[in-house]
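Visitor: Listed here are the chains, written in short residue letters.
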Amino acid sequence: MGNLGTVVSQVVEKYNKDKTRLMDIVTDVQSELGYVSDEAVVQLAKALGVSKVDIDGVVTFYHFFSKTPVGKYSVYLNNSAVANIKGRSAVAKAFEEAAGCSFGRTTEDGVMGLFDTSCIGMNDQEPAAIINGVIFTDLTPEKAKELVADMKAGKEVSELVKNFGDGNNQSELIKSMVNNNIQKKGPVLFAPFETGSALKAAVAKTPDDVIEEVKLSNLRGRGGAGFPTGMKWDFCRQAEGAKHYVVCNADEGEPGTFKDRVVLTEIPEMLFEGMAVAGYAVGAEEGILYLRAEYLYLRKFLEKVLEDLRSKNVLGKNAGGKDGFNFDIRIQMGAGAYICGEESALIESAEGKRGEPRNRPPFPVQNGYLGYPTTVNNVETFCCVSRIMLEGGEWFKKMGTAQSSGTKLLSVSGDCKKPGIYEVEFGTTIQTLLEMVEGRTAKAVQVGGPSGTCVGKKDYGKRICYDDLGTGGSMIIVGPDRDLLEVVHNFMEFFVEESCGWCVPCRAGNQLLLDKLEKVMAGKATKQDLKELEEWSNIIKATSRCGLGQTSPNPIVTTLKNFPEMYQAKIQKDVDYVSEFDLKAAVQESCKAAGRIPNIKEH
Amino acid sequence: MSKPVVATASLAGCFGCHMSLLDIDDRILKLIELVEFNKSPIDDIKTFTKQCDIGLIEGGCCNSENVENLRDFRKNCKILISVGECAIMGGLPAMRNGISVKECLEEAYLNCPTVDDNIIPCDDELPMILDRVYPCHEIVKIDYYLPGCPPRADLIWEALVALLEGRELDLPYEVVKFD
Amino acid sequence: MSEINITIDGKKIKAKAGQIIVEAARENGVYIPTLCDYEGIKPAGTCRICTVKIGGRNMAACTTPVAEGMMIENDVPELNDFRKAIVEMLFVEGNHMCPVCEKSGNCELQALAYKYTMLAPRFPYLWPQRTVDASFPKILIDRNRCIQCLRCVRGVTTTDGKHIFGLVNRGGKAIISIDPELAKEMTEEMAEKAMELCPVGAILKKEVGYAVPIGMRKYDGKPIGSEYEK
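Residue numbers (our numbering), protein chains in the order written: chain A, 3 to 605; chain B, 690 to 868; chain C, 12 to 241.
Since the hints were made in silico from the structure, they are not lab data.
A few of these clues could be false.
Claimed, not checked - Listed below are several chain C residues computed to face chain B (Cβ distance under 7 Å; list not exhaustive):
| hint | residue |
| --- | --- |
| 1 | C109 |
| 2 | P110 |
| 3 | S115 |
| 4 | Y125 |
| 5 | T128 |
| 6 | L130 |
| 7 | A131 |
| 8 | W138 |
| 9 | Q140 |
| 10 | S146 |
| 11 | P234 |
None of the values given here were measured: they were computed from a predicted structure.
We put the CB at the ideal spot given by N, CA and C, even for glycine.
Work out the full structure, taking the sequences as your base and the hints as a guide.
Guide: Take a look at the structure:
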């Protein structure tokens, strides 16, 4: 660890005092100093010529930045619903007992910090944690104790990984215990792909023809919203600007999704080539891969892939052998914020700001990164584009349904025998999927993650596609013995944690919904409370500024609709009011302070 | 026919809302014609002697006695109304809600420069202080709310008469105020 | 400048191209309630009070520009209930002690609560722990009353454009922070402006208060927005 002043000035110099690179600057300062102290914030503000509150705003926005020491070893244990299903609480307890400190704290000697964290994209191998950027999966209480012992002994975190996962996880540049768990390969993503071939096919056409081909394929955004990709590119190409940008959204933060992790590990060439195709189509020379902080362990590997692509002339000057087409990609790391999966928030973050969504219009295709027209597409979308360049839009359109062409990568986790990645054609029913993953007894399936829909048995005939059950790919299977309300509760806690705080309904409303749900779970609710859950959800969905608040009540809304009996069983019938007030608890502290024994007269 | 029965109480309040009730001026004569008062500081009846139609509650709950009193009102009144900011949201007493009750007691009885006894009262006869000040509706079901600090006399009057006449409340802009 | 035809609750209105809906409406005698919006500073869309319906979609009228043929629903029961609900959320999210607040009677949040006849919020109080900071020479901030509209963030900067106020943390923990060094340099006018911009009583200029007697304050007699309505 270096001297604060020197570190700050060196890091700021490294990025040419460019405050739009604040994410990288803060990341570097934190990795050098262990945390970003108030003094570091003041120095950064001075060096960059901005206000202290601007730096503070960014440092305090992201989960993996910290203004206080997080320990020589910082353990971020996933707290997704599936982690809980897979035994997280016992693992957490083991960490706490062995470390001698509770979650949210750092040990007194500063060696270890224990922290909760939102879904880290390892739902198929939970419980999982990130320790100093290194991923640990399939944790048990015993493994947790071993890890703590090794950390106390001062071992390097990378040394604690004993076995490596499959495929490229064994690569010298990854060396991770993460497993790909590719369960079903399909014709789009996981068919053989020859590096350079897609871009070559693209640059043989005019940019307009490339866009036409993508339009012909009916490809829609794979992140979940399903906006037609060809149309987005067309808007971006048409928009006036001195420069254009291509951004890849690799910030898959929806709990339960991990497909991009596998794409980035196994077929990054296909992704980067798709970005180059986009660059050619919209007239961009620069691409940015916005990589979520949780996937930092893939960064070195991805940088090497980019190097290789440059040497193969898929990237760089006259890319793909096309005279005058120059295109390169840089990786922008995130720092832990679900909201940055929203495209305009992602752009704000990439510009070194708080990841708060922008007001629209204007849309990113008109006014995106640094104000230039920008197309932001999903990891999987870019891979689809590469395949479309090779096989054609007609070929692609033949798969799937009328409104949803092609295949979809599903990240399947929860109560099933075969969790992992499935590439299926759009139109596959939930029932078919449950058979494939061996989760036939499921009492509920969360389609599209917490922001999606929770369906029960009566809806297993529904199809996975934009016109029926839309999904970004997260499929969480909830087994017959699970308490579904616990799952809903976990999802609502997630949204409260991840709301950016910009707009009132999302910031305050989600907390109110969570509190009300807890009232229901405690058996203190009436029929009126259920009615209010529904009404309040509607208000939040209708008035929130971005997709987060517009979908965050969905766990409640869709379970109220599809599992009404679950709620009915919890409420008190025949009463119109239940108080949560507990007189005994309420007088405890004052009586203790006064040294008297409470004498409560019972009514 | 017997007249509707009204009861009132001031919990953790300052009696300002009761003062405002008296501030209806000569309409108080009409009020006496319209209703009969039961448990209330206005007539000094200390305990309920019959089931009441309307209970007016001033103040929130800061101690166990307030809670018992409020629950007693709920039991004995068909309609219960939170009158004033303190009943509705704790009001000024609730400014202590961000501070722990221990700290409050220590400041009041131990550390304050004007105290010399240095003892936190602990007599069994004293009401027990709650961890925070609670609005009435967090403890019992409240049927109506009349905001203000105090609520305007016209608001209290209008609300009472509307209830007695069984009609919708008519609330002109000037009468609904929070201060 | 080209003219654009829009309709608000059936009333035909002529707006200027590029104009924001709220502004176009007001120029034509229609009040769309706002809270985070302030004339002359960049709209943020934090409060969502101005939510209107355009072609069945809910949009913030303070950030959405007019477009030819736009049919806007504004003063309808569903939207007015949303607005009332948002005001109520703000009341339970903070600690709003109207009886002791210097801004009472001139507070826009309170005025909106009056406009929508909020007798008590439908939501339970959240009782957050908030702080007061009076360590600055000219101003003080009482975060119990802050609604995070970001007017101060957007509207008060130093002469060289630096933010004096900024949002830190995120979600329900987000608060307004003040750069202590820059706050020292605040002039009398800047302090005045900060207090004026604050729609509630969160930012106050020191050494003044309760200047206008009850009954003569801005919203004692007339509802907020009535000055716009024709």
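Visitor: Next step is simple, just say for each hint if it's right about the structure.
Guide: Do the hints match the structure? See the list:
Among the interface hints, the one on C/C109 holds; its C-beta lies about 4 Å from the nearest C-beta in chain B, closer than the 7 Å criterion. The beta carbon of C/P110 comes within 4 Å of a beta carbon in chain B, closer than 7 Å, and the hint placing it at the interface holds. With 7 Å as the threshold, the beta carbon of C/S115 comes within range of chain B, its nearest partner Cβ sitting at about 4 Å, so the hint holds. The criterion of a C-beta within 7 Å of any C-beta in chain B is met by C/Y125, whose closest approach is roughly 6 Å, and the hint holds.
Taking 7 Å as the C-beta contact cut-off toward chain B, the hint placing C/T128 at the interface holds, the least distance being around 6 Å. Checking C/L130 against chain B: minimum C-beta separation of about 4 Å stays under 7 Å; hint holds. About 4 Å separates the beta-carbon of C/A131 from the nearest beta-carbon of chain B, less than 7 Å, and the hint is met. Taking 7 Å as the C-beta contact cut-off toward chain B, the hint placing C/W138 at the interface holds, the least distance being around 5 Å.
For C/Q140, the shortest C-beta to C-beta distance to chain B is roughly 5 Å, which falls under 7 Å, so the interface hint holds. Taken as an interface hint, C/S146 does not check out: its beta carbon lies about 18 Å from the nearest beta carbon of chain B, beyond 7 Å. At about 6 Å, the closest approach between the beta carbon of C/P234 and any beta carbon in chain B falls short of 7 Å, and the interface hint on this residue holds.
The structure fails to meet hint 10 from the earlier list, while all remaining hints are met.
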